[in-house]
Amino acid sequence: MFEKFTATARSAVVDAQSEAHEVGDRRIEPVHVLGALAKQEPAGGVLARHGVTYDAVHAAIARSGDGALDGEALGALGVDLDRVRERADAVFGEGSLERAGRGRGHLRFTRQAKSVLEQALRVTVSGPGREIGGPQLLAGVLAVDDARTADVLTAVCDDPQRLRDDVARVVAGR
Amino acid sequence: MDLKAATDADPAVGLRAVRALRDLAERLERLQVERARSLGWSWQQVADALGVSRQAAHKKHGDVERREKG
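Residue numbers (the working numbering), protein chains in the order written: chain A, 1 to 174; chain B, 1 to 70.
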């Protein structure tokens, strides 16, 4: 299937892993593909029309992932995460606690993320193009029923339905 | 505030608290091992301090030096 991917679509798949690493997630999920697409053209331009910028997506992913420390639960235990972070910054350097939580090595795709690739293929086959590009991958992300993607989109997108319509229009070549 | 959450009667609350502690402990362990190694500690010294075998310490954190350079 990868031979049908454009260079940008391939790099989006690679960047999805970096995105997951960066926020400390242990699997590659559809949202990481979304983050990678927001960073490149032409998919990023389509997303930007609906308020979906890379920075906003990245922040929403970081908030929703298992990579974030649970300050609330720690607080209930009497551990003040802000104070721990302050001390860690002082001893190990700024942002060290976040850095230490980042994943290492090869990450696997979740079933949902694999499904993004399948949906992208399906969209491509039924559209005018022969190659799976960024917009087709984006259509794949939007086609997969995934709670975290829905949460991130709700947080950053002006109107998810209009984004869907716009992406459908772009992949149909209209 | 006290340590009640980790021993909460509701497993959902208790497990979440345990997970939060483990996540934090894992990160601090990583940072401390990195620092110890950069200060010249041997893997044996690191392992003794953590109460694990030298092999276990190296398997878990053996990539710290590589990461520092990368």
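Wrong hints could be hidden among the right ones.
Stated by the list, open to error - Once the Cα atoms are required to be at most 35 Å apart in a straight line, the calculated DSBU-like pairs of lysine-lysine come out as: (1) B:59 x A:114; (2) A:39 x A:4; (3) A:39 x B:60; (4) A:39 x A:114; (5) B:60 x A:114; (6) A:4 x A:114.
Claimed, not checked - Computed list of chain B residues with no C-beta within reach of chain A, every gap over 10 Å: (7) 11; (8) 21; (9) 41; (10) 44; (11) 54; (12) 55; (13) 56; (14) 58; (15) 59.
If you're looking for bench data, these hints aren't it; they were derived computationally from the structure. Computed from a predicted model, the values in this text were never measured in an experiment. For each residue, glycine too, the CB sits at the ideal point set by N, CA and C.
Verify the proposed pairing of residue 4 of chain A with residue 114 of chain A, using a straight-line Cα cut of 35 Å. 15 Å, holds
When you check the alpha-carbon spacing of residue 39 of chain A and residue 114 of chain A, does it fall within 35 Å? Satisfied, since the Cα-Cα distance of roughly 20 Å is no more than 35 Å.
Say whether it holds or is violated: residue 56 of chain B keeps its Cβ farther than 10 Å from all Cβ of chain A. Its Cβ never comes within 10 Å of chain A, the nearest being 17 Å, so this holds.
Verdict on residue 54 of chain B as a residue remote from chain A, using beta-carbon distances over 10 Å: 21 Å, holds
If I take the minimum Cβ distance from residue 44 of chain B to any residue of chain A, is it greater than 10 Å? 23 Å, holds
Any Cβ of chain A at or closer than 10 Å to residue 55 of chain B, or is the non-interface label fine? 19 Å, holds
Decide if the proposed pair is consistent with the structure: residue 39 of chain A and residue 60 of chain B, CA atoms, cutoff 35 Å inclusive. 33 Å, holds
Hey, is residue 21 of chain B genuinely clear of chain A, shortest beta carbon separation above 10 Å? 7 Å, violated
Reported absence of residue 58 of chain B from the contact zone with chain A (all CB gaps over 10 Å): Label holds. Min Cβ-Cβ 15 Å, cutoff 10 Å.
Could you check that no beta carbon of chain A comes within 10 Å of the beta carbon of residue 59 of chain B? 13 Å, holds
Does the alpha-carbon distance linking residue 39 of chain A and residue 4 of chain A stay inside the 35 Å limit? 21 Å, holds
Decide, holds or violated, for the assertion that all CB atoms of chain A are farther than 10 Å from the CB of residue 41 of chain B. Answer for residue 41 of chain B: holds, closest chain A Cβ roughly 15 Å.
Hint 8 from the list above is the single one not met by this structure.
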